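Enquirer: Chains as they are written, first to last, in this note's numbering: chain A, 1 to 268; chain B, 1 to 65.
Do not take every clue at face value.
[As the list claims (entries may be wrong)] Cross-link-like lysine to any residue pairs, in silico, SDA-like; alpha carbons within 25 Å at most:
1) 138(A) with 42(A)
2) 29(A) with 42(A)
3) 138(A) with 3(B)
4) 138(A) with 43(B)
5) 138(A) with 36(B)
6) 29(A) with 219(A)
7) 138(A) with 47(B)
8) 138(A) with 34(B)
9) 138(A) with 39(B)
10) 138(A) with 57(B)
11) 200(A) with 176(A)
[Stated by the list, open to error] If the Cβ cut is set under 7 Å, some of the chain A residues that face chain B in the computed set are:
12) 74
13) 81
14) 83
15) 139
16) 175
17) 244
18) 247
19) 256
[What the hints assert, rightly or not] Listed next, with one range per pair, are the computed distances between beta-carbon atoms:
20) 101(A) with 20(B): 37 to 47 Å
21) 42(B) with 67(A): 43 to 53 Å
22) 264(A) with 4(B): 34 to 44 Å
23) 175(A) with 51(B): 15 to 25 Å
24) 38(B) with 196(A): 26 to 36 Å
25) 4(B) with 29(A): 53 to 63 Å
Honestly, the hints are just simulated from the structure, not real lab data.
Small disclaimer: the values here were computed from a predicted structure and weren't measured.
Every residue gets a Cβ at the ideal spot worked out from N, C-alpha and C, and that includes glycine.
The chain contents come next:
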Amino acid sequence: MPQTDSMNSSVKAVSDKLSAAPGGINWFKYASPQTFYPLAGRLIPLFAWPALLLFAVGLYVSFFVAPTDATQGDSYRIIFIHVPAAWMSMIIYLAMAFWCALGMIFNTRLSFMMSQALAPTGAIWTFLALWTGALWGKPTWGAWWVWDARLTSELILLFLYLGYMALVAAMDDPRRADRAGAVVAIVGAINVPIIYFSVKWWNTLHQGASVSMTSAPKMASIMLMGMLIMALAAWAYSIAVVLVRVRAIMLERERNTDWVAQMLENRP
Amino acid sequence: MNWASWGDFWNMGGYGLYVWGSYAVTLVCVFAEVVSVRRQFSGQMVRLLRVRRATVRGAGNETET
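Chain A on its own, in the form it takes in the complex (with noise of 0.2 Å):
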């Protein structure tokens, strides 16, 4: 295919300028599925076992160090995945628009897949942030659910999740679904701001940011501790996961190639 020749030559120009600059990383090289593929592969156990380990300290802490509340009580134990999942779903959508800008410039096919593999896992937590949020909802507000401004642009996330999933399993060719889902995955991206800073731009029902650079945290440090080892539990669980899907999907999208038949045929 003449076209994709071209295009794998100006990315090669692109990696070999920046490989040429001193003691720099040629990042490229980790941009072709076949040498991605066996990396992924040696990091799965690397972010999994960590992942289970942190999630039963996390848990330990939770339930058993944090002491009860003085003025929820015990319902605020629901923060320590409510605010992890929260994070996640941000941090997630972020990074799949940033690989589809990339896949958009570059024109790299890996970065595409990245994308589809972190979809699922970021939507995931966004349904658990907005469960969870539900669930703590009830017992302090006396609601399930408000149209607060917080929560609305939560949903929207949702939504934008779920629309590029749809989108880009809608459509057969895979490049075209590559480029018609990034266009959503980018010009989402703008909702994330609008997802932080709600709780300071409105009147909202949602408290403000338990953690922020700016000031002292404002919980007891030992809960603050707890939120930290299931965030960082979440962390490591979602690259995990998300490895294990952009192996798969890699497999996939990839199945006729040289690489793949040799990678089968290396296998005992």
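Using the hints, position chain B against chain A.
Expert: For chain B alone, coordinates are given in the frame of chain A:
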């Protein structure tokens, strides 16, 4: 220790439904996602290996006859 007994623990100070409802659904989602991605991967692998075996056998037959 926060809890005097298991009953105390499950009761969560009267918020059991909300707290356990959150944690249970999270566990179910995480478990389902892990199972689903592993299935997706091994499904692709099995399919590719089957196709390869079929083509290798096909090529073998051709050379024999």
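Enquirer: Mind listing which of the numbered hints don't hold for this structure, in increasing order?
Expert: Violated: hints 1, 4, 5, 6, 7, 8, 9, 10, 11, 14, 16, 19, 22.
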